[in-house]
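Could you put together the complete structure from these sequences and hints?
So the protein lines, in turn, are chains A and B. According to the numbering used here, the first sequence is numbered sequentially starting from 1. According to the numbering used here, the second sequence is numbered sequentially starting from 1.
If you're looking for bench data, these hints aren't it; they were derived computationally from the structure. Don't take every hint at face value.
Which chain A residues face chain B? A few, computed with CB under 7 Å, are given here [what the hints assert, rightly or not]:
#1 V61
#2 D65
#3 L66
#4 E69
#5 P80
#6 A81
#7 A84
#8 R87
#9 V88
#10 D91
#11 S94
#12 I100
Taking beta-carbon pairs under 7 Å as the criterion, some of the chain B residues facing chain A (in silico) [to be verified]:
#13 G43
#14 G111
#15 A244
Distance ranges between label pairs, derived from CB positions [said to hold, decoys possible]:
#16 B:Q50 to A:S101: 46 to 56 Å
#17 B:S38 to A:D58: 46 to 56 Å
#18 B:T79 to A:L16: 33 to 43 Å
#19 B:R299 to A:A45: 45 to 55 Å
#20 B:D36 to A:W49: 31 to 41 Å
#21 B:E148 to A:A20: 29 to 39 Å
Just so it is clear, CB atoms sit at the ideal spot from N, CA and C, and this is done for glycine as well.
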Amino acid sequence: MSGDRSMSAARTAHLLGISANLNMATISLWGQSPRAAAILGMFEASIRWEGPGGHDEDLLVRLRDLFEEAKKYHAREDFPAMMARLRVAYDLVSIRIIEISGE
Amino acid sequence: MEMINAAPPSCQSVFGHAPSSLLTLRTMTETEKQHDISTLTNGAMSPIWQWIEERIPKDTGVFDAHAHIGADLDGRAMTADGMRERMNAAHVKKSIVFALNDPNALEDFSGPNDVVWRAREEHPGFFVPFFRLNPHKDYDREFERCVERGFSGLKLHPVSQKFELDDERAVRLFEMAAEANLPVIIHAGFGMNRIVDALLPTIERNPELRLILGHAAFVEVLQAARVFESHPNIVFETSVARAAELYELFATFDPSRICFGSDIPYGDLPSTLYATLVAAEAAGVGKEHIPAILSENMRRWFP
Ligand SMILES: [Zn+2]
Numbered sequence: 001m002s003g004d005r006s007m008s009a010a011r012t013a014h015l016l017g018i019s020a021n022l023n024m025a026t027i028s029l030w031g032q033s034p035r036a037a038a039i040l041g042m043f044e045a046s047i048r049w050e051g052p053g054g055h056d057e058d059l060l061v062r063l064r065d066l067f068e069e070a071k072k073y074h075a076r077e078d079f080p081a082m083m084a085r086l087r088v089a090y091d092l093v094s095i096r097i098i099e100i101s102g103e
Numbered sequence: 001m002e003m004i005n006a007a008p009p010s011c012q013s014v015f016g017h018a019p020s021s022l023l024t025l026r027t028m029t030e031t032e033k034q035h036d037i038s039t040l041t042n043g044a045m046s047p048i049w050q051w052i053e054e055r056i057p058k059d060t061g062v063f064d065a066h067a068h069i070g071a072d073l074d075g076r077a078m079t080a081d082g083m084r085e086r087m088n089a090a091h092v093k094k095s096i097v098f099a100l101n102d103p104n105a106l107e108d109f110s111g112p113n114d115v116v117w118r119a120r121e122e123h124p125g126f127f128v129p130f131f132r133l134n135p136h137k138d139y140d141r142e143f144e145r146c147v148e149r150g151f152s153g154l155k156l157h158p159v160s161q162k163f164e165l166d167d168e169r170a171v172r173l174f175e176m177a178a179e180a181n182l183p184v185i186i187h188a189g190f191g192m193n194r195i196v197d198a199l200l201p202t203i204e205r206n207p208e209l210r211l212i213l214g215h216a217a218f219v220e221v222l223q224a225a226r227v228f229e230s231h232p233n234i235v236f237e238t239s240v241a242r243a244a245e246l247y248e249l250f251a252t253f254d255p256s257r258i259c260f261g262s263d264i265p266y267g268d269l270p271s272t273l274y275a276t277l278v279a280a281e282a283a284g285v286g287k288e289h290i291p292a293i294l295s296e297n298m299r300r301w302f303p
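Structure follows, in structure tokens:
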């Protein structure tokens with residue numbers, strides 16, 4: 001793979017991991033799983049550090065902001081406000097992956 | 001969406017009778033929280049909401065093709081007033097509304113259908129009422145009653161009411177709706193397996209049947225887009241489908257047959273508007289099509 005190609009692949013792999021953790025967290029919240037808090041923690045960890053080459057830092061900043069607030073609304077048991085943030089976060093990641101794939 | 005066992009945690013405050021000095025400490029009640037819809041657009045949501053508002057053309061009153069009024073077995077509920085408040089806050093001028101999977105549905109959904117009708121009477125011009133039925137039960141009388149009353153369409157939910165779309169009792173309902181020139185919205189979202197194959201024979205036999213595929217048939221979205229392309233009376237509704245699935249739809253399907261929906265109270269207007277608009281934009285749908293997707297496509301059926 002060329003340098004650009006392997007960077008895109010690395011970014012995609014990184015974002016797929018984030019997407020998977022967020023998806024698990026969302027489903028566990030819908031189903032009121034006793035593991036929901038732990039899975040939210042996994043998602044939090046997956047967005048904590050810089051991604052490959054730092055190219056997606058703008059996205060990661062957004063995800064961290066949305067997640068901080070989602071956590072707050074989770075604690076307050078405001079389900080719609082929490083879910084709106086998690087849905088948007090999920091879609092932001094998806095759209096970024098789609099954009100990278102078309103580069 | 002009505003996901004089984006998917007109720008949010010109960011939110012009744014345990015400090016409901018606390019002395020006033022403690023009131024600032026108590027958690028909000030469900031009613032108070034539901035009331036505070038600014039939480040959907042403030043904080044980290046505000047740049048998202050701003051992005052959305054920039055993309056809603058000024059004179060486009062948004063048409064929400066999928067929203068619920070009433071109560072659900074899973075604990076969710078939405079009043080007509082609550083719906084109006086959410087509509088106002090998000091530039092929505094008209095919403096198709098129907099019952100949830102109501103614990104008081106009994107045999108024929110007549111009670112929950114009455115709640116929807118009352119909402120239409122109390123808020124003239126804002127709600128397009130659909131009635132809901134259970135194909136397993138005796139539905140002829142309620143069908144007739146609702147058609148005579150002036151309901152605008154029929155809602156069917158194969159997951160909640162546990163039937164296949166090619167079940168003969170459901171097929172009979174599709175045919176009755178076609179006969180009565182009544183559009184049908186089906187839940188074609190969470191929990192679904194067979195959509196395209198199960199619907200196709202009915203659609204081919206009843207080309208005049210107007211069908212709204214709720215949640216964009218997301219589990220089979222590409223195949224649905226391919227197969228239903230040649231059936232102009234089939235439209236896709238976008239509520240709570242994810243942006244990636246909506247991207248598949250927008251990249252392959254005529255935008256004049258895609259309409260926005262929220263699925264309140266399962267979805268909310270800001271996040272569903274975002275998914276729809278961001279997917280359309282990423283798929284290269286031109287700005288000129290946005291008013292159609294957000295409003296005009298549905299207004300052709302419900303002026
Ligand atoms: Zn629904």
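Structure-based check of each hint:
Annotation: interface hint on V61 of chain A violated; nearest CB of chain B at approximately 10 Å, more than 7 Å. Interface restraint check: D65 of chain A against chain B, minimum CB-CB distance 4 Å, threshold 7 Å, status holds. Using the Cβ-Cβ criterion of 7 Å, the hint placing L66 of chain A at the interface with chain B is satisfied: the shortest such distance is roughly 5 Å. At a threshold of 7 Å, the smallest CB-CB gap from E69 of chain A to chain B is about 5 Å, leaving the interface hint in force.
Hint status for P80 of chain A: holds, given a least beta-carbon distance of 5 Å to chain B, under 7 Å. About 4 Å separates the beta-carbon of A81 of chain A from the nearest beta-carbon of chain B, less than 7 Å, and the hint is met. Taking 7 Å as the C-beta cut-off, the interface hint given for A84 of chain A holds, the closest approach to chain B being about 4 Å. Annotation: interface hint on R87 of chain A holds; nearest CB of chain B at approximately 4 Å, less than 7 Å.
With a least beta-carbon distance of about 5 Å to chain B, the hint placing V88 of chain A at the interface is held under the 7 Å criterion. Satisfaction of the interface hint for D91 of chain A is found here, the shortest Cβ-Cβ separation to chain B being roughly 4 Å, below the 7 Å cut-off. Look at S94 of chain A: its Cβ gets to within about 4 Å of chain B, closer than 7 Å, so that hint holds up. Taking 7 Å as the C-beta cut-off, the interface hint given for I100 of chain A is violated, the closest approach to chain B being about 12 Å.
The interface hint given for G43 of chain B holds, since its Cβ lies 5 Å from the closest Cβ of chain A, which is under the 7 Å cut-off. Given the 7 Å rule on beta carbons, the hint for G111 of chain B is violated: about 25 Å separates it from the nearest Cβ of chain A. Checking A244 of chain B against chain A: minimum C-beta separation of about 4 Å stays under 7 Å; hint holds. In this structure the supplied range 46 to 56 Å is violated for Q50 of chain B paired with S101 of chain A, their Cβ-Cβ distance being about 27 Å.
Restraint check, S38 of chain B to D58 of chain A: a C-beta distance of roughly 26 Å breaks the suggested window 46 to 56 Å. Range check, T79 of chain B to L16 of chain A: about 41 Å between beta-carbon atoms, so the 33 to 43 Å window is met. Look at R299 of chain B against A45 of chain A: about 47 Å separates their beta carbons, and that is inside 45 to 55 Å. In this structure the hint that D36 of chain B and W49 of chain A lie 31 to 41 Å apart at CB holds, the actual value being about 34 Å.
Taking 29 to 39 Å as the suggested C-beta distance range, the pair E148 of chain B and A20 of chain A does not conform, at roughly 51 Å.
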